[in-house]
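Numbers 1 to 590, taken from full-length UniProt numbering, label the letters of the sequence shown in order.
Please keep in mind that the hints were generated in silico from the structure rather than gathered at the bench.
Heads up, a few of these hints could be off.
Here are the computed lysine-lysine pairs in the DSS-like style, where the Cα-Cα straight-line distance is at most 25 Å [as the list claims (entries may be wrong)]:
| hint | residue 1 | residue 2 |
| --- | --- | --- |
| 1 | Lys494 | Lys405 |
| 2 | Lys585 | Lys384 |
| 3 | Lys115 | Lys472 |
| 4 | Lys248 | Lys564 |
| 5 | Lys93 | Lys83 |
| 6 | Lys96 | Lys585 |
| 7 | Lys93 | Lys289 |
| 8 | Lys115 | Lys96 |
| 9 | Lys293 | Lys347 |
| 10 | Lys318 | Lys347 |
| 11 | Lys96 | Lys564 |
| 12 | Lys155 | Lys293 |
| 13 | Lys93 | Lys554 |
| 14 | Lys293 | Lys96 |
Pair ranges (Cβ atoms, derived) [what the hints assert, rightly or not]:
| hint | residue 1 | residue 2 | range |
| --- | --- | --- | --- |
| 15 | Phe145 | Gly73 | 19 to 27 Å |
| 16 | Thr143 | Asp489 | 25 to 33 Å |
| 17 | Gly457 | Pro85 | 20 to 28 Å |
| 18 | Gly73 | Arg35 | 45 to 53 Å |
| 19 | Lys96 | Ala42 | 50 to 58 Å |
| 20 | Ile208 | Asp485 | 33 to 41 Å |
Remember, predicted model here, so these are calculated numbers, not experimental data.
Virtual Cβ for every residue (Gly too), placed ideally from N, Cα, C.
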Amino acid sequence: MHHPYSRYRVRLFWDFSRILFVPSLLFYAILSATRVRLGLLAAPTYLAFLFLAGYTRNLFVQTEQARKAYRVGGRLPPQVVGKWPGNFDIMLKLAKAARTRYIGDIYLDFFEEYKCTTLNLRLLWTDMIITMDEEHIKFVLATGFNHFWRGRRQKERLETFLGDGIFNRDDEHRALARPYFARDRTSDFELFEKYSLATISVAAQSAIAGVPVEVQDLYSRFSIDSAAEFLFGEHLDTLHGSLPVAGKSAMSVKGSATDDDFGSFVQAFERSQEITTNRARRGYFWPVKEIFKDEAVPHADVISRYLEPIVSRALAHKSTMKRAGLHASADQNTFLEYLTDSTEDPKVIRDQLLNILLASRDTTSCLLTYVTYFMAMHPQVTRKMRAEVLEHCGRHGAPTFDNIKSLRYVHAVINETLRLFPPVPINIRESRENGVLLPNSDPTYPDPDPQPLYFPGSTIVMYFPMHAQRNKALWGPDADEFDPDRWLDERLRKYTDNPMMYTPFSGGPRICLGQNYARNEASYFLVRLLQEFDTFTLASDVQPEGSLPPSEWKTGRGRQPMEKIWPAYAMTLFVKGGLWIRLGKAADGN
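Work the whole structure out from these sequences, hints included.
Pasting the structure below:
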């Protein structure tokens with residue numbers, strides 16, 4: 001498989017030429033022109049000159065940015081000031097916090113310290129804007145959409161893993177997928193039924209045996225099996241593979257590990273996500289750590305070996321059909337067949353499949369995992385959901401589209417879960433070449449300065465849907481509480497008056513193409529799950545060592561004191577060590 005890593009080395013070469021070589025040549029030229037002989041002072045003088053050159057360059061950049069901001073009637077975002085040059089200490093804090101603290105908590109520290117919801121971290125003298133400001137997020141995603149894009153830096157970080165797929169591009173690659181997901185696909189329910197029953201059968205065996213089941217892993221298998229048939233027309237049947245065993249399975253990057261072929265694929269898939277997330281935390285100069293070896297390459301190769309036979313079969317099938325003068329019905333095409341009709345480039349097809357598979361697997365499994373977590377934490381919610389399911393769908397009947405639409409409380413639970421735990425809790429964009437003004441807005445920290453903020457061109461913008469969706473200034477003093485009724489009573493008006501305060505599937509032109517598929521799949525599965533089981537209990541005693549919340553969370557802010565699991569993030573949200581649950585099988589007639 002071809003990897004684009006050489007481009008990173010070229011970029012680093014030019015960066016270090018700008019930072020080191022040019023000042024070095026200037027230093028040499030000055031010494032030659034003045035004929036000064038420094039002797040033993042040469043090395044310290046050279047280092048001092050490099051520092052002065054860097055300081056001068058940094059001062060010039062910031063002065064120029066401030067000048068541009070003033071010229072358009074704006075001001076630069078407040079800047080986090082660390083103790084070490086280049087805010088290197090801040091970068092180390094971010095790396096440590098990712099391993100030890102509640103997801104995104106360190107960013108809340110910065111917002112609280114500087115009393116604002118948009119800041120510049122300025123890591124290694126490179127701008128990195130962070131924001132939980134609802135109006136600024138809205139501007140990035142929707143009202144100012146044309147001023148932002150995925151950006152060169154994000155594409156660079158994700159290239160080895162996601163290639164030219166939909167989540168790493170802004171152009172025609174995304175347009176390629178849109179028509180397929182715009183279809184009215186009522187046949188999806190047949191797949192939901194098939195894989196829901198298969199998944200529940202596996203869970204029922206654990207319930208009958210009285211042993212906990214790792215539902216995050218189970219839901220991932222449900223999602224990937226149904227997605228594989230939906231997207232590829234392939235039967236992976238991961239549900240009947242090697243499953244995690246309570247008290248014995250090792251902890252993987254994003255849950256529990258298994259040792260079969262599928263387990264190898266999943267570990268490579270999740271490790272790639274972790275690597276790209278760590279690259280973002282290290283900032284602009286992340287390739288320095290990987291200068292001799294792209295950490296994502298071996299995992300990308302495992303993923304490629306898993307997907308390439310699927311792509312080869314699809315292209316061979318297309319060739320056979322073409323020679324026979326046959327064409328598949330447009331309504332019956334899988335996404336893979338749709339792609340082969342659009343292109344015969346195996347890399348484009350593989351990249352698109354991988355990107356869509358990432359969304360299909362992670363979005364649905366994350367949603368179902370956290371809904372189950374809340375059902376275990378709030379038995380009264382489970383009872384209310386189950387009563388509604390039995391009323392509208394019966395004890396055994398397969399739900400219809402109309403049944404699903406009528407489940408108001410189940411949908412409220414889904415909405416509330418997505419509010420507190422959006423599948424992508426942290427996201428990134430990059431401002432385009434010209435700077436852009438953003439309005440002042442967020443009532444969290446009222447800003448006396450009326451000037452709008454100015455984002456310099458080609459600047460990373462990291463925004464936090466999870467923080468915005470837990471913001472008490474937007475959602476009320478109970479914003480950290482799990483309360484599905486907020487979607488059914490007068491509090492719903494807050495959202496209907498301002499829909500962009502809730503963006504679990506993103507928003508604007510780049511809103512998730514498969515959000516309806518994910519919601520329908522999750523709703524369908526929950527009906528079948530609640531028909532079969534009536535109690536869900538956390539099995540904290542079998543959680544892998546190191547996967548339970550640390551004791552210091554008990555005195556933390558927000559949801560930290562409430563959590564019984566460790567929410568974590570690597571491109572998408574997951575539960576550290578998996579979610580181990582004891583399922584209670586409902587008695588017949590109940």
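Should the hint that Gly457 and Pro85 are 20 to 28 Å apart at their CB atoms be regarded as holding?
holds, 24 Å
In this structure, is the beta-carbon distance linking Thr143 and Asp489 contained in 25 to 33 Å?
holds, 29 Å
Tell me if the straight-line CA distance from Lys93 to Lys83 falls inside 25 Å.
holds, 12 Å
Holds or violated: Lys93 with Lys554, Cα cutoff 25 Å?
holds, 21 Å
When you check the alpha-carbon spacing of Lys96 and Lys564, does it fall within 25 Å?
Status holds; Cα separation ~21 Å.
At the C-beta level, are Gly73 and Arg35 separated by a distance inside 45 to 53 Å?
holds, 51 Å
Is the hinted pair Lys293 and Lys96 satisfied, with a Cα-Cα distance of at most 25 Å?
holds, 23 Å
Taking 25 Å as the top limit, are the C-alpha atoms of Lys115 and Lys472 close enough?
Judged against 25 Å, a Cα distance of about 15 Å means the pair holds.
Should the hint that Phe145 and Gly73 are 19 to 27 Å apart at their CB atoms be regarded as holding?
holds, 22 Å
Restraint check for Lys494 with Lys405, where alpha carbons must lie at most 25 Å apart
holds, 22 Å
Outcome of range test on Cβ distance (Ile208, Asp485; 33 to 41 Å):
holds, 34 Å
Need the status of pair Lys93, Lys289: alpha-carbon distance at most 25 Å?
holds, 17 Å
The structure fails hints 6 and 19 (numbered hints given earlier, in ascending order).
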